[in-house]
Amino acid sequence: MSKFTNRKTAHGVVALVICCIAATAHAQSAGEEMSFFITSVGKGDGANLGGLEGADAHCNALASATGSNKTFAAYLSTSMSIDRSTDPMTITNGVSARDRIGSGPWYNANGELIANNVEDLHSDGVNINLQTALDENGNPVNGRGSQPNKHDILTGSDSAGYFSTAGGDTTCSNWTSNSEDGSAIVGHHDRVGLNDARNMISWNSSHGSRGCGEEHLPRSGGAGLFYCFATD
1 MSKFTNRKTA HGVVALVICC IAATAHAQSA GEEMSFFITS VGKGDGANLG
51 GLEGADAHCN ALASATGSNK TFAAYLSTSM SIDRSTDPMT ITNGVSARDR
101 IGSGPWYNAN GELIANNVED LHSDGVNINL QTALDENGNP VNGRGSQPNK
151 HDILTGSDSA GYFSTAGGDT TCSNWTSNSE DGSAIVGHHD RVGLNDARNM
201 ISWNSSHGSR GCGEEHLPRS GGAGLFYCFA TD
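Oh and the sequence shown: position 149 is 149 in the working numbering, straight run, nothing missing.
A couple of the hints might just be wrong.
[As the list claims (entries may be wrong)] EDC-like mimics (lysine to aspartate or glutamate), calculated; alpha carbons at most 20 Å apart, straight line: (1) Lys43 to Glu214; (2) Lys70 to Asp124; (3) Lys70 to Asp232; (4) Lys43 to Asp56; (5) Lys43 to Glu180; (6) Lys70 to Glu32; (7) Lys70 to Asp99; (8) Lys43 to Glu112; (9) Lys70 to Asp45; (10) Lys70 to Glu53; (11) Lys70 to Asp87; (12) Lys43 to Glu215; (13) Lys43 to Asp135; (14) Lys43 to Glu32.
[To be verified] Derived Cβ-Cβ restraints for the label pairs, each shown as a range: (15) Ser64 to Glu119: 46 to 56 Å; (16) Leu113 to Asp87: 24 to 34 Å; (17) Thr86 to Asn137: 23 to 33 Å; (18) Gln147 to Ile91: 39 to 49 Å; (19) Thr90 to Leu113: 17 to 27 Å; (20) Ala61 to Asp196: 20 to 30 Å; (21) Ser146 to Glu119: 44 to 54 Å; (22) Gly31 to Thr86: 24 to 34 Å; (23) Gly138 to Gly167: 38 to 48 Å.
It should be emphasised that the hints constitute simulated quantities derived from the structure, not laboratory data.
These numbers come from a predicted model, not from an experiment.
For glycine and all other residues, C-beta sits at the position ideal for the given N, C-alpha and C.
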């Protein structure tokens, strides 16, 4: 056998090995257990989720219905509060969504990697978009252009995942309000907005909702949905 033939055979073996490694890696990735999803439905009372406790319970109920044994937490922040009745006034910091969700990595229902860790989740490289931000059943969530549009995902957070220090209501009274005069910060899971401004295509901090009730959230493209992340 010629040296040329030997080289061709060797190259073929190497190519076969590379293909096998790639296939194995893909199979392992596809087999990762779900640790991230968007709720397929809201709580039914707008942004009144029963506080963080009620939101977490909703995440875990939906996950449990799919057979998951993981513990999930809602990606939601609460607002800073100021009590001016004391002297000096008392300021209580809010809770930041990024501090509630564990350390990662997180995978969607199809086994696709969303982010390796908290920093990755809040970087430009995060893998959240219309194709990957699935609900707990592995179904896509309606984005801008679909009817009804459901791309406003409740977060109450800034783009880094911290509680907002902006003025006014940013969490619908810490997820206990369904009133028309409240508001909550939302993100766009489909990464699409009115324009290409950074906030408009942010998955976690795009704009405020137009009210907090079940009938108010759809005004800007919402349905009371939120992100859930496994903490274990």
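Given the hint of 38 to 48 Å, check if Gly138 and Gly167 actually sit that far apart at their C-beta atoms. holds (39 Å)
Check whether the Cα positions of Lys70 and Asp99 lie no farther apart than 20 Å. The hint holds at about 18 Å.
Given the hint that Lys70 pairs with Asp87, does the C-alpha gap stay at or below 20 Å? It is violated: about 45 Å lies between the C-alpha atoms, which goes past 20 Å.
What's the verdict on Lys43 and Asp135, does the C-alpha distance respect the 20 Å limit or exceed it? Holds - the C-alpha atoms of Asp135 and Lys43 are around 14 Å apart, at most 20 Å.
Range hint 24 to 34 Å: satisfied by the CB atoms of Leu113 and Asp87? violated (51 Å)
Can you confirm whether the C-alpha distance between Lys43 and Glu32 stays at or below 20 Å? violated (28 Å)
Cβ distance range 44 to 54 Å for Ser146 and Glu119, holds or violated: violated (31 Å)
Lys70 and Glu53 were given as a pair; does the straight-line alpha-carbon distance stay at or below 20 Å? Holds, because 16 Å separates the two Cα atoms, which is no more than 20 Å.
Asp196 and Ala61 - C-beta distance against the hinted 20 to 30 Å: 37 Å Cβ-Cβ, so the 20 to 30 Å window is violated.
Straight-line alpha-carbon gap Lys70 to Glu32, limit 20 Å: OK: Lys70 and Glu32 at ~12 Å, within 20 Å.
Does the alpha-carbon distance linking Lys43 and Asp56 stay inside the 20 Å limit? Distance of about 11 Å is within 20 Å: holds.
Regarding the pair Lys43 and Glu112, is the alpha-carbon distance no greater than 20 Å? violated (26 Å)
In terms of the numbered hints stated before, the structure departs from hints 2, 8, 9, 11, 14, 15, 16, 17, 19, 20, 21 and 22, listed from lowest to highest.
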